[in-house]
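2 protein chains.
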Amino acid sequence: MKKIDNCKIIIFGASGDLTKRKLIPALFDLYCQGELPKEFSILGVSRTEYSDEEFRKHVDEGVKKYSERKENDPKLLEKFIKNIYYLAIDTAKADDYAKVKDKMSEISKESQKDNYIYYLSTPPKLYSFIAESLQKQGMTEQNDQTGWRRMIIEKPFGYDLDSAKKLNQELFNFLKESQIYRIDHYLGKETVQNIMVFRFANSIFEPLWNQKYIERIEITSSESIGVEDRGGYYDGSGALRDMIQNHMLQILGMITMEPPSVFEANAIRNETLKVFQSLRQMNKEDVDKMVIRGQYTESKVKGEKLKGYREEKDVAAESKTETFVALKLFIDNWRWGGTPIYIRSGKRLPTRVTEVVITFKNTPHNLFKNSAVNQLIMRIQPHEGLLLKFGMKNPGAGFDVKAESMDFHYDEIKEYVPTAYERLLLDCMMGDQTLYTRHDAVEACWTFVQPIIDAWKENPEIKVYGYPAGTWGPMEADNLIEGEDLTWHYPCKNLTNDDSYCEL
Amino acid sequence: MKKIDNCKIIIFGASGDLTKRKLIPALFDLYCQGELPKEFSILGVSRTEYSDEEFRKHVDEGVKKYSERKENDPKLLEKFIKNIYYLAIDTAKADDYAKVKDKMSEISKESQKDNYIYYLSTPPKLYSFIAESLQKQGMTEQNDQTGWRRMIIEKPFGYDLDSAKKLNQELFNFLKESQIYRIDHYLGKETVQNIMVFRFANSIFEPLWNQKYIERIEITSSESIGVEDRGGYYDGSGALRDMIQNHMLQILGMITMEPPSVFEANAIRNETLKVFQSLRQMNKEDVDKMVIRGQYTESKVKGEKLKGYREEKDVAAESKTETFVALKLFIDNWRWGGTPIYIRSGKRLPTRVTEVVITFKNTPHNLFKNSAVNQLIMRIQPHEGLLLKFGMKNPGAGFDVKAESMDFHYDEIKEYVPTAYERLLLDCMMGDQTLYTRHDAVEACWTFVQPIIDAWKENPEIKVYGYPAGTWGPMEADNLIEGEDLTWHYPCKNLTNDDSYCEL
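Keeping their order, the protein sequence lines are chains Y and D. Residue 293 in my numbering is what sits at position 293 of the first sequence, and the numbering runs on without skipping anything. To convert a position in the second sequence, counted from 1, into my numbering, add 1000.
Hints are computed from structural coordinates only; laboratory data are not their basis. None of these values were measured; they are calculated from a predicted model. Heads up, a few of these hints could be off.
To be verified - Simulated crosslink set (SDA-like; lysine to any residue; CA at most 25 angstroms straight-line): (1) LYS1212(D) / THR363(Y); (2) LYS1457(D) / GLY1231(D); (3) LYS402(Y) / PRO1259(D).
As the list claims (entries may be wrong) - Just so you have them, the derived chain D footprint on chain Y, three or more residues with Cβ under 8 angstroms: (4) 256-270; (5) 394-408.
Glycine included, every Cβ here is placed at the ideal spot set by N, Cα and C.
Given only the sequences and the hints, what does the whole structure look like? Please build it.
Right, here's the structure in full:
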């Protein structure tokens, strides 16, 4: 385990939900495990007027509600909270950043040298402005005297290919790539990281992990909630930008990458980049055939009325924003040539689940009347684990094949499983960029997504299919799956049916 | 499902233990499931004087004690028992077989045509004599008028290569190969048959099933009991003849055979024969290095004294008969070239278990500090099932690998699992020889075993290692395993330790 340098974390946009719900609780959980450096402090920066004490009270509530370690000794929390400070500034005003510098000097009055993590939990339009303003205060330069400076940037990283490129360019005026940590909290999940361990620490899966043995790959990430109070943001974004471009393509990268030669950030990021660069570009005609978009409509689930998307707060009454996307793609390389890959994500689906389903090809020759479906399901959330489906002999005379399965669940491991933010904050403190997205990967993912954005914009006749809230999206999504009678793997049934069940 | 012809089963040696404990209970269990033909009867033949009624009483007790269906309606048993008859003859007297013919005419007085299964549960020296005597009565010829005639022969089939060849030759004077059913009750076990389904109904295991991915294969069959009251027989036989030559090589055949092109008796038996013919012959020098033999000695398990083998009833005081064999072998073919295969069997080991352990090679490149052991354990008995060991990510920072496993157990299937004898008797009634051993396979297995027998006979200096009853045999057996610090997979600890446990 690497030693963790003393460091200070400065959160911009600290009065927001993320800080209270995720960041401070994650830092507290790290603290409880003794994984924070000996000297650390946290400075919240935002427009809202708080005193240090008021802010401490605000985040104290958050820890008590959201920390995984909330059962811990209250004295530990008291001690932790003392390391938290707050500063109200107008983050859109360059001069105000002098106050940040002053406050930091005040906090770390004794140390000559200090390491800073800037956590940007602000609207994206402020990202490069904050970097610029910090630079003006001399707060981005790092050397042996000053200590290191790192910046964590929340999604969305760009709105399309051009804006992502522009943002990268702007940031590079003030920071080096090695200082920029583009966070994708999906990569912080244990089970996402386990994809690499599963593939590369075992000898038995990798030989099967290619077009020769795999029939198709499905990646699903569904949410059961709707847009809630984020209608204003979401209506300008949609599922393609919000989920596919980042989280789901990153998971795809982990699933399909070549083994790196060393297990280091850049070696791994080189390999996932190669996948993103090998994604077959859709032309605008393909989009209508390869991508299905949908939007949830009003429905009734167990007697309760669920709103349609267009009735949500801050959503345009005739919005065409997709709350569901399902698409088929190909990776044009030696390993995956010809293997269809299916990705879908949506809101107001029957359940919250993220899973990868690998369906293997049939046996080359059928010896038995029926043959077995071989599937490996990697459940990323919830109830993280693995399920392997195979055929066994049906007891009794003859040699009939019966579908069976075996599974492994992470909760069988009695150890503490850190949350995504814990893992990613700790990695940033250690200077490990493995689970952060590199500039070229971000751009490569946008390059894949851009033709879809363009086609939808240019061809309003491409349908936005309605689907009743609580169902698995438009039925047209099943038509994407190659092969007669084949459908997506459904982790559970539509809620508008009565007998919903979960398989894994 | 094939229709089952009406048939009559004639058991020679019917007063013995096998009939009471296994055969009649198995037939009753088939009867309960409606799997016996509409018209069937069973004739017990032996020296012991019984009337039909006495024999019925005798086997009725057996069914009540040993049947899997003993909880069934007692009226069903009553009805079943009425189909059982008995005839006392001197089975060593050719003329007495006329009585068998008469009794059968009596039983089946109404039918012109009848199908017979002769089940030989007698000492092996009588096998060909019974066949000859039946032939003299015209009872082995089969045609459309008479119905079919099949003969099931119990083990041991020969005492060495020469005697096995001789027995085959003699039987061929009276019966065709298609009439001879050499039973190996291990092949009747669901989980042994499942080996073929597991391998050939799934696409994901077969690509790994060769020397390229498999490091070694272990097959263990252990018994916790000693020789009990079979000391007289066993002392002239030993573990090599009693277990290795038949059961364990048959399991090896299933594990290592090429996929047949059709799932039919001869196609499958051709493939297992090819394995037996590819077993690398040991020369006499090899035997000392590749085979470890042992004999159990007196020990104390949980305060109870366990006899040594030489103190068992009917065992010679200076017997060198092996109650334990462990050996290393190679299959010289394209699939298995260079993969060491280890087989062991013994009595008075810590537990009764039969299992196949496939250890896969390490990853070709180690990306992580530690790498995972990939093992597939096929448990044939007891608690039949599968266990797959692999590595997963250890939760928390870094990418440490943690050994995990997932398993499947047959008892999760709620269906009735027929016993080996049920399955094999039913197969014989249906004329399916798949799970019976063909003459050439028997001889090929003896061909492999013969040099070991010869070496032991000719070189008395080859050690018989003692091992305390209740332990996993002589420690020298571990030296067979290629690779430093590697040992056999131990399903549980020695009983002479305190903390015995079972892994699967």
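Results for each hint:
The hinted pair formed by LYS1212(D) and THR363(Y) meets the criterion: a straight-line CA distance of about 20 angstroms does not exceed 25 angstroms. A C-alpha spacing of about 20 angstroms is found between LYS1457(D) and GLY1231(D), which places the hinted pair at or below 25 angstroms, so the restraint holds. For a cut-off of 25 angstroms, the pair hint linking LYS402(Y) to PRO1259(D) stands: about 19 angstroms separates their Cα positions. Evaluation of the coverage hint for the segment 256-270 of chain Y: fulfilled, as 5 residues show C-beta separations to chain D shorter than 8 angstroms, against a requirement of three.
Counting residues of the segment 394-408 of chain Y whose CB lies closer than 8 angstroms to any CB of chain D gives 13, which reaches the minimum of 3, so the coverage claim holds.
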